[in-house]
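Q: In case you want the letters, here they are:
2 protein chains.
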Amino acid sequence: MSSMLPNVLSSSNDNWVADEIPKSNEVYVTKRGAKLNLEEIGPKPTKKVALICCMDARIDAFSAFGFKEGESHIIRNGGGRASDSIRSLVISQQQLGTNEIIIMHHTDCGFFTFKEDEFRKNLKSKGFSGPDVDLMSFMPMSSSDINENIKQDVNYLKNHPLIKKESKISGWVNDLKDGSVRRVV
Amino acid sequence: MSSMLPNVLSSSNDNWVADEIPKSNEVYVTKRGAKLNLEEIGPKPTKKVALICCMDARIDAFSAFGFKEGESHIIRNGGGRASDSIRSLVISQQQLGTNEIIIMHHTDCGFFTFKEDEFRKNLKSKGFSGPDVDLMSFMPMSSSDINENIKQDVNYLKNHPLIKKESKISGWVNDLKDGSVRRVV
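Residue numbers (the UniProt record's numbering), protein chains in the order written: chain E, 1 to 185; chain G, 1 to 185.
Just so you know, these hints were derived from the structure itself, not from any lab. Only a predicted model underlies this, so the values are computations on that prediction, with no experimental measurement involved. Glycine included, every Cβ here is placed at the ideal spot set by N, Cα and C.
Computed Cβ-Cβ distance ranges for the label pairs, DEER-style:
| # | chain 1 | residue 1 | chain 2 | residue 2 | range |
| --- | --- | --- | --- | --- | --- |
| 1 | G | Thr107 | E | Asn155 | 34 to 44 Å |
| 2 | E | Lys44 | G | Pro131 | 25 to 35 Å |
| 3 | E | Gly33 | G | Asn159 | 36 to 46 Å |
| 4 | E | Trp16 | G | Asp134 | 37 to 47 Å |
| 5 | E | Asp19 | G | Ser129 | 41 to 51 Å |
Rough simulated footprint, nothing fancy, chain E against chain G, three-plus residues with beta-carbon under 8 Å:
| # | region |
| --- | --- |
| 6 | 49-56 |
| 7 | 79-92 |
| 8 | 105-118 |
Which stretches of chain E does chain G cover? Using the computed rule of at least three CB atoms under 8 Å from a CB of chain G, they are:
| # | region |
| --- | --- |
| 9 | 34-41 |
| 10 | 85-98 |
| 11 | 107-113 |
| 12 | 127-139 |
Excised from the complex, chain E in its bound form (with noise of 0.2 Å):
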């Protein structure tokens, strides 16, 4: 008995999730086949806006914030954090016209619970090494206070040189108890 075990264990391990996407792709096609051809839809969002949240696995975000497909660039990224997020919104901006940028954060987001220095040493103490060890912002939240935070996302982008001035710049906070939305800035 017990000398099966590796094998269950590894082959349980080889499972990947990548496997399981085409037959709910398929799904999604045959749901999708009476619908427009996307790419007529064109690159550019249909309501010139890009929203940034982040890359929390429990946030649906087409559903939560009621997007359809076509409307709004959706940058996600740890935190939904803003500074991680200006490569994106000046091609957003300057190639694919948009004009306004929501910051979504979240309740019990995972940026809260680590600090950039020991975090650093963590990776060091697993082995990791290179100059991105010590280079780069891992951007843990800088405030406990989730309002806080959204006002300086929103402060950085108002600031930001490559930013369009005119931007309507809004910040919220998702909860994830029931997923509604608030309003901060």
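Based on the hints, put chain G in the right spot on chain E.
A: Just chain G, lined up with the frame of chain E:
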């Protein structure tokens, strides 16, 4: 009559997409009502996977790739570029327990439509300044062959010193004509 035009235009200019979010979100919150409190799932993706795709407005990541709330980190940036996802991926893997990465590029991407040098010149001609105009990489696709870009991005991750060596990494194309996906790597 003509004296009213500026007001009409300015009022249409003052419409914020942000103002539409609370109403759409209310529908979502009501629908979710009977389901789990999302905070109870916790910030660690239950499928231990992070998906990277483009910010393109036509991609409804949860529906198109078959994810439910809680299952997968979703990282989105202009082009769905791996090199612009490292910070998020390191936190995803080291703090939040993921060990698989799915890179999903798509057809008709805006990042095929510009060259970096021209884009910098264009920014300057519009009056933008600061070191980022010359130093920031805006990451247009390096090849007109979509498969080539995906292979480059997968290799970039496989060789990055801060990405777990044992990561399961796959590369895909999302065809926006019908929403279908095709695995490349």
